[in-house]
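Could you build the full structure based on these sequences and the hints that come with them?
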Amino acid sequence: MNVQQARIESERCLQCFDAPCTAACPTHIDVTKFIGMIRSGNILGAAEVVKTSNALANTCGSVCPQEIFCQSVCTRAQQDSPIQIRELHRFATQYERERGYSIPKVFPKKVGKVAVIGAGPSGLGCAYELAKFGYDVYVYDSGRPGGVPRNSIPSFRLADDELDLDTKFLSQFFALKRQTIDAKSFKNIVQSHGATFVAIGLGLDRSLGIPGENLKGVVPVLTFLEKAKAKPRSMKIGKKVVIVGGGNVSLDAAATAKRLGAESVILIYRRSEKEMRVWKSELEEARAQGVEIRFLTNPVKVVGKSRVTGIKCRNTRLSKKKDKTGRPIPVEVQGSDFVLEANAVIVAIGQKIKADWLGGIKRTSAGYIKVDDDFQTSLPGVFAGGDVIAGEGTVVQSVAHGKHAAQAIHEFLSAK
Amino acid sequence: MEFRSFKEIEVYPTRDLSYDFLGIHFENPFILAAAPSTDNVDMVRRAFDMGWAGAILKTTSVEGTRVDLCYPMMSTFDHEGKKLFGMGNIDLISEHHIDKVEYNVRMLKKEFPEKMVAASIMAGRKEDWQSLVQRLEEAGADLIECSFSCPQGNIGEDPGKMLAQSVSATELTARWVKEATKKIPVSIKITPHVTDIVEVAKAVKRSGCDALTASNSIQALMGIDIRTFSPYPSLGGRSTYSGMTGPAIKPITLRTIAEIARNVDIPILGTGGASTWGDSVEFMSVGAGVVQFCTVVMHYGFRVIDDLKSGMSHYLQEMKFSSPVEIIGRALPNIVTHDDLPRRTIRSHIDEELCIACDLCVVACRDGGHMAIDQRPSRIPSVDHERCVGCGLCQHVCPVDGCISMQVVP
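Just so you know, the sequences run in chain order F and U. First residue of the first sequence: 1, per my numbering; consecutive thereafter. First residue of the second sequence: 1, per my numbering; consecutive thereafter.
No lab work stands behind these hints, which were simulated from the structure alone. Misleading hints may appear alongside valid ones.
Which chain U residues face chain F? A few, computed with CB under 8 angstroms, are given here [claimed, not checked]:
1) GLU8
2) ILE9
3) PRO13
4) GLY23
5) GLU27
Now the stretches of chain U that chain F is said to cover, found in silico as 3 or more residues with beta-carbon under 8 angstroms [said to hold, decoys possible]:
6) 272 to 286
7) 299 to 313
Residues of chain F clear of chain U, computed beta-carbon distances all greater than 10 angstroms [said to hold, decoys possible]:
8) LYS33
9) LYS105
10) ASP323
11) TYR368
Just so you know, even glycine gets a beta-carbon here, dropped at the ideal spot from N, CA and C.
Below, the structure written as structure tokens:
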């Protein structure tokens with residue numbers, strides 16, 4: 001968007017009172033306020049509004065699925081079409097990037113020490129908010145800050161420098177410690193800080209649990225995406241790629257495989273399109289790139305001698321019974337087996353917690369960390385948020401977890 | 001997961017926008033005009049909490065003055081999809097008894113000593129004007145604004161004629177008011193509906209009053225229902241002339257303020273058509289010391305103060321101004337008479353890269369200019385510099401920012 005396009009779009013905004021877009025944004029960006037500012041030509045002011053509410057403003061400007069958040073509830077859609085809120089958000093932050101940054105306040109560190117483990121969206125969101133409250137915040141991570149957006153969101157979705165803008169902006173608010181955590185250091189951290197926020201994400205791919213999964217060429221999706229992002233040039237992928245999964249990560253993998261030169265990319269998913277938990281825009285994009293999607297298809301066995309040569313699949317049908325997620329359970333149709341040729345099979349059926357040092361912290365039945373309404377775990381003073389408590393979510397949801405957990409931590413420490 | 005409601009902690013420092021004007025300290029240049037938004041003390045409280053620097057409470061008069069309101073009183077001038085481009089009202093002064101307004105002034109000054117609390121008054125007889133001023137000054141008002149220009153007819157004087165339309169009546173009445181004050185400043189709110197605004201301003205200056213509020217709403221007929229022939233706002237098919245405010249009257253107010261500031265040395269409270277921080281800069285650049293707001297608040301609420309303050313802060317930073325005071329009067333030297341304008345040869349220039357080929361410039365020039373822009377098969381028009389005189393019409397009908405410019409021919 002250029003200045004004129006942004007102004008025209010902003011002039012369409014009705015400036016609703018108590019606006020639904022702000023409520024729908026997990027970080028509650030004051031949407032009408034920042035759009036009003038774009039409208040009046042106060043674009044730097046608009047960028048400040050966005051950055052005040054959302055710790056990863058630049059990142060979210062690129063990757064936020066507005067179709068399920070702010071934009072999906074835009075009042076203007078009832079008249080013609082919704083305001084392009086994310087594009088305006090992005091316009092404001094890009095404008096600030098070109099024109100120079102507003103200098104934030106210095107928050108005096110006087111209230112106490114808090115540790116944040118994991119410098120992903122949730123950890124950064126929490127650390128930013130804690131710093132605003134006046135806490136001395138230490139963020140621990142074994143790598144560069146950024147988490148999933150840094151390591152596995154493909155660069156065609158999120159340019160690395162966008163994330164750098166956010167992490168650079170945030171670095172003034174807290175101390176970043178590069179450290180790999182184990183059971184002992186975790187215990188030390190918990191003991192030496194008033195509160196600890198665990199935001200370590202997941203990191204371990206779930207396996208299919210079918211024969212042949214150990215063959216060469218069967219790649220867990222995170223390994224695949226991380227490698228493709230870190231070493232895009234030396235990365236090789238076969239001509240025929242099959243991806244197993246039905247989430248956004250599987251679509252990222254499909255689009256990445258296409259970009260790496262795969263001739264045919266087939267995504268197999270055991271339910272139908274309706275049950276897919278993906279952003280419609282990304283699904284359409286994958287289709288437009290030539291990704292073939294086979295619904296109602298279950299993998300039965302990976303075929304090959306030492307390397308994968310194909311994947312044996314079986315058709316499914318949806319039963320009337322529903323699982324915990326409220327979606328119908330797929331049932332295999334006997335005698336419908338077929339083999340898809342493949343040089344590579346990417347397994348993208350979800351992730352679980354990788355960390356082995358969480359000790360006795362209680363888990364949910366799905367294996368995530370269990371927290372109460374205040375994001376507190378079963379270990380007093382230890383809080384958690386982001387994917388580690390809810391499974392794979394969006395960047396903005398994780399930032400919001402961190403932000404709201406920070407408030408709970410503040411209340412917890414204030415009551416002490 | 002449901003999140004608790006969230007109050008943001010400000011991350012960016014607020015810039016000091018405060019300065020003194022008329023001997024009053026203003027925390028920023030933005031105040032509320034005498035209007036419905038300032039008639040209720042709870043509303044003013046909310047506005048102050050949100051950051052408005054001051055308020056002029058809705059005009060009051062003496063006991064026994066009948067305020068005979070009619071409803072509906074609001075109407076609008078909507079233009080090409082924009083609501084409230086102009087807003088019309090047939091409202092009158094506050095229905096509150098002077099006792100109540102006096103009480104409101106007292107309460108607000110007690111609760112918000114740092115805010116500017118002013119009262120607006122209107123009367124007929126000398127003793128009424130004077131008793132109003134005395135009571136309100138006593139109550140703690142920081143400033144008195146006298147409405148000499150309510151477009152719905154004045155009380156007492158010639159019905160249908162505004163006080164500020166008579167130079168002699170303006171001077172006489174303003175003198176009464178000023179005489180009655182002890183030390184607070186008095187501003188006379190005038191109308192642009194006069195033959196010579198400068199004469200009115202001079203009369204106020206001679207009276208000894210401290211400032212002018214320029215200017216009141218524009219008398220307007222807001223529209224006619226073309227099927228029933230009922231004018232707007234329709235009260236059972238009938239209506240009367242409205243006072244129009246809002247963005248539509250901004251250029252009129254700007255001219256009024258500029259004309260006063262260029263000719264009379266008197267402080268001005270700017271009002272009438274400002275909606276944004278940018279409008280405020282314009283008002284101040286032609287001589288306003290502070291800017292009053294009404295219609296934008298009635299449309300979008302007190303919350304617009306956030307952008308007014310933020311936008312003004314960024315503007316001052318961009319311009320490297322240390323205070324809003326530096327804006328006041330800055331455009332005045334650039335306003336000259338037609339005789340003093342530079343005579344140059346200029347021609348229209350179309351940036352073909354930016355042009356979106358709507359050809360609106362072609363038709364505007366063909367039928368309203370000098371037939372100097374030709375259509376081409378590509379639809380990207382070309383200017384014939386022989387026929388073009390440089391009137392600038394094409395530039396203003398062009399929908400693309402920066403596409404058409406007027407360039408000096410050496």
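Hints, verified against the model:
Checking GLU8(U) against chain F: minimum C-beta separation of about 6 angstroms stays under 8 angstroms; hint holds. Annotation: ILE9(U) was flagged as interfacial toward chain F, and the flag holds, the nearest CB pair being 4 angstroms apart, inside 8 angstroms. The closest approach between the C-beta of PRO13(U) and any C-beta of chain F is roughly 5 angstroms, which is under the 8 angstroms cut-off, so the hint is satisfied. With its C-beta approaching chain F no nearer than about 31 angstroms, GLY23(U) sits outside the 8 angstroms limit, and its interface hint is violated.
Violation of the interface hint for GLU27(U) is found here, the shortest Cβ-Cβ separation to chain F being roughly 18 angstroms, above the 8 angstroms cut-off. Chain F is given as covering the segment 272 to 286 of chain U, and this holds because 3 residues of the stretch bring a CB closer than 8 angstroms to a CB of that chain, at least three being needed. With a cut-off of 8 angstroms between beta carbons, the segment 299 to 313 of chain U has 9 residues touching chain F; three or more are needed, and the interface restraint holds. In this structure LYS33(F) is not separated from chain U by more than 10 angstroms, as the shortest Cβ-Cβ distance comes to only about 6 angstroms.
Against the 10 angstroms criterion, LYS105(F) falls within the reach of chain U, whose nearest CB is about 5 angstroms from its own CB. Consistency note on ASP323(F): stated as away from chain U, and its beta-carbon is indeed over 10 angstroms from all of that chain's, at 20 angstroms minimum. With 10 angstroms as the threshold on Cβ separation, the claim that TYR368(F) sits away from chain U holds: the shortest Cβ distance comes to roughly 12 angstroms.
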